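Number of protein chains: 2
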Amino acid sequence: MRPRRLRLPDQVQVVNVGLSMFGDAVRAQGATAVDVDWRIPAGGRPELVRALQQLYGPCAGRIDAANGEALRRLDEGLPMLSAIATMRDVVPGVDGRTILHCGPALDWAEFCDPLRRSVRAAVMAEGWAPNPDAAEALIGDGGVRLDAANDHDMVVPMATAIGPSSPVLVVDNERGGNRAFASLNQGPGKVAWFGVEAPEAVERLIWLRDAAAPVLAAALRRSGPIDVFSLVAQGVQMGDDVHMRTQATTNLLLRHLLPHLVRVDSPDLPAVADFLSANHLFFLNVAMAGAKAVADWASEVRDSSIVVGMARNGTTFGIRVSGLGGRWFITGAPPVSQALYYSGYGPETSAPDIGDSAVLELVGLGGSAAAASPAVASFVGGSMADAVATTLKMDRICAGRSSRFKLPTLGFRGTPIGVDVRSVVELEITPAVNTGILHATDGTGQVGAGVAEAPLECFQEAMLALAAVLR
Amino acid sequence: MRPRRLRLPDQVQVVNVGLSMFGDAVRAQGATAVDVDWRIPAGGRPELVRALQQLYGPCAGRIDAANGEALRRLDEGLPMLSAIATMRDVVPGVDGRTILHCGPALDWAEFCDPLRRSVRAAVMAEGWAPNPDAAEALIGDGGVRLDAANDHDMVVPMATAIGPSSPVLVVDNERGGNRAFASLNQGPGKVAWFGVEAPEAVERLIWLRDAAAPVLAAALRRSGPIDVFSLVAQGVQMGDDVHMRTQATTNLLLRHLLPHLVRVDSPDLPAVADFLSANHLFFLNVAMAGAKAVADWASEVRDSSIVVGMARNGTTFGIRVSGLGGRWFITGAPPVSQALYYSGYGPETSAPDIGDSAVLELVGLGGSAAAASPAVASFVGGSMADAVATTLKMDRICAGRSSRFKLPTLGFRGTPIGVDVRSVVELEITPAVNTGILHATDGTGQVGAGVAEAPLECFQEAMLALAAVLR
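Order-wise, the sequence lines are chains L and A. Here the first sequence stands for residues 0 to 470, numbered as in numbering that gives the first Met the number 0. Here the second sequence stands for residues 0 to 470, numbered as in numbering that gives the first Met the number 0.
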């Protein structure tokens, strides 16, 4: 028998896992190499990897079953806009001199500039102080109770802060039996929700309460409850991500309200019509209340790793995970990275990411619905392919898909829903949040819009807490 | 020297031009073949090929220069909705007992069933006859002058027919100095524009004239002229093809009119608001008037081969070519081929293609804008790729692209505009027209919607006429 001779292969097929430089070296020599985009899970941090091994290993069955229930609630929740009412009359836990604000709760000393201005504007609108200095003194002396809207079944966009006399949207989740609230959208211009405390911003708050709310409440009473997510589903077919852009959904709501509005007998009707016609974000707050109602129904599902709360106040960024009850996991608020600024503004003049609107990203809207929106495409690279990539990135950290919010550019499949804290930590991909940008210091108001990447730390902390609870 | 020997090639690369069966045979033997989709121009008919040789040869320079001017007008026309007025007061050439109807002019005996019913409804709405039989007798006796709306600077959708007392939309093309008109959209249900002559259809015509038009005219006077194609451009970003679907553009119009409507002091306002809120096709007629104004401006450009008129009456289908003046080239109306029917209906109960709305396909909307519309996708195959294919097919017969109607799914490039009669005949591809379908015989009204392929014959005839003129 002749000895077998070692032969080198004629052809080499290279699969390169991880860093692309090894594949690049092969390609530089004229051979082909396929790159596999792989990274060490959770950045290779041992305590995170151990927790992931537990949550994807022994605990996986319990978690997946629980997540199925949380996903069902996110997908089947039926938020109905049923009334516009006064906050102190309907929002639980509001008494005396309380101001509810966006994001996690925090100490007054830590409030960012735009939110400080908005709180002072709300204090003035309530009649508790005649000017910003007096408002500042009153708050500084502890004369006002400040609390997170989220902890009162409510969400408010950007730097919104409102007091007990304010009108709120009341949304009832008929399937879950729970209720959520949002402020009325304050419109464009010099407005408190953009961090402005100038007299016209205070006047807008008073006008919304005394003029707009009664007219809108009367029209809504005539109309009867409105299926919020039915309008949202149509809007997603019409280019809204229903976060950064709510033009189509606002118009659908106006079309629905038109016959009822014209029958409201009020001298304020013409001004309310002017306001509605000029405010393409009017539906934003309606959608947020709907998302909050659905996310709250999906919360407190034992063992679930689905994120059910995500909120920012310009100082901190917090999330809540279904299986961990009402507990917030909090870190610093990130900047808004992929941004388009108004002329004369830039990162250096921008406040960090702010507002409760990120709840939309948890129910399949905003960044999850980017692929539906030509308007969002301009913020994430310019082409629909870029917008689609944003949605596909959300896919990687979401446990399910919406059965009602459909993406035309992806064969009418549903938007990703149910952010799984395990996937976020494993892949180090956090939700992309479509959002506006406020001036950092001078009360100018909105200076741009863009996409914020949620900070990883609070997801890591929540994942570790879930592992500890399930141990 | 040794003789060279003939060697067969080791590899064969096959390019197959025309019929795919030759390529199939190569592929069946395991080899590869690239198919080139090529057909004999104009079906190989000698007189058509000769004319094309002339129009693409010696005459090409003159034609292309003329088409450049026609395209500029199609792309830069600025139609402004400036008033709602009574037909006899503003539409030229309307006097006495005149009814204007969709499509090319034709003899009463040739009118299809739905249009006959609509004409009789219009006669009753004018008060010229008390019932359908009396109306039929009056028309049969020559007591009513019937004429094509298109020949009076007007367009009307589906089986619309209207008399001198009817309200019309007045659109002024500010750049061209010309004016066009359209009827008011009659809304859904038992309505004359769907070929219904029941009492409620006649009542709708009377109500539109006596109640809706005064309210809308007053609101429009308050608003001032409205830039029709600005709304259209936004609507194309919001899923409208602005022919089969006009939901987004209708809502944009309603949002714009809202402040003006609520200030109109009229007891009819609530009913008008009900009508507008329930009529997602209200903007269709506005867009048509805009398209007519622009197409008319682009007409009568000497030497131009661009199609500037396209209309159907359920019996005949006619086109006009810019370089051939006002002359119509007419053939039989086609069926609506790619159709979705209401339950219980089908091709056998459907009238042929009808209405003037095909003018929209000439200015970059309807079939040209299919790629913008998830709703249209469901009629042309179900996916956005099918909708994109519809637009790309229109590209092949169009000489230019809109600079204002942008397609998100095609990198925000413009919709195809300027159907070139040469390309239609050469490639045997006719415009795809997004349209509704009416019952053929029983006055039921709309029974479906779909896409009609314009018939080739009238394009061939027009192309031959152009060749004769340019000889």
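One or more of the hints may lead you astray.
Said to hold, decoys possible - Below, simulated SDA-like cross-link-like pairs (lysine to any residue); rule was C-alpha separation at most 20 Å, straight line:
#1 L:K405 to A:V387
#2 A:K405 to L:A30
#3 A:K405 to L:R26
#4 A:K405 to L:V387
#5 A:K405 to L:D385
To be verified - Computed footprint of chain L on chain A; a stretch qualifies when at least three of its residues, placed anywhere within it, have a C-beta under 8 Å from a C-beta of chain L:
#6 265-274
#7 375-388
Read the hints as simulated data drawn from the structure, not as lab findings. Predicted model, so just to flag it, every value in this text is computed and none were measured. Glycine included, every Cβ here is placed at the ideal spot set by N, Cα and C.
Here is what the structure says about each hint:
1. Between the alpha carbons of L:K405 and A:V387 the distance comes to roughly 18 Å, so the proposed pair stays at or under 20 Å and holds.
2. Between the alpha carbons of A:K405 and L:A30 the distance comes to roughly 42 Å, so the proposed pair goes past 20 Å and is violated.
3. Distance restraint check for A:K405 and L:R26: the Cα-Cα separation of roughly 39 Å exceeds the 20 Å cut-off, and the hinted pair is therefore not satisfied.
4. For the hint pairing A:K405 with L:V387, the CA-to-CA distance comes to about 18 Å; that is within 20 Å, so the pair holds.
5. The straight-line distance between the Cα atoms of A:K405 and L:D385 is roughly 17 Å, inside the 20 Å bound, and the hint therefore holds.
6. Requiring three or more residues with a Cβ within less than 8 Å of a Cβ of chain L, the coverage given for the segment 265-274 of chain A holds, as 4 such residues are present.
7. Restraint check on the segment 375-388 of chain A versus chain L: 3 residues with Cβ-Cβ distances below 8 Å, three needed, restraint holds.
Consistency with the previously given hints fails for numbers 2, 3, ordered from lowest to highest.
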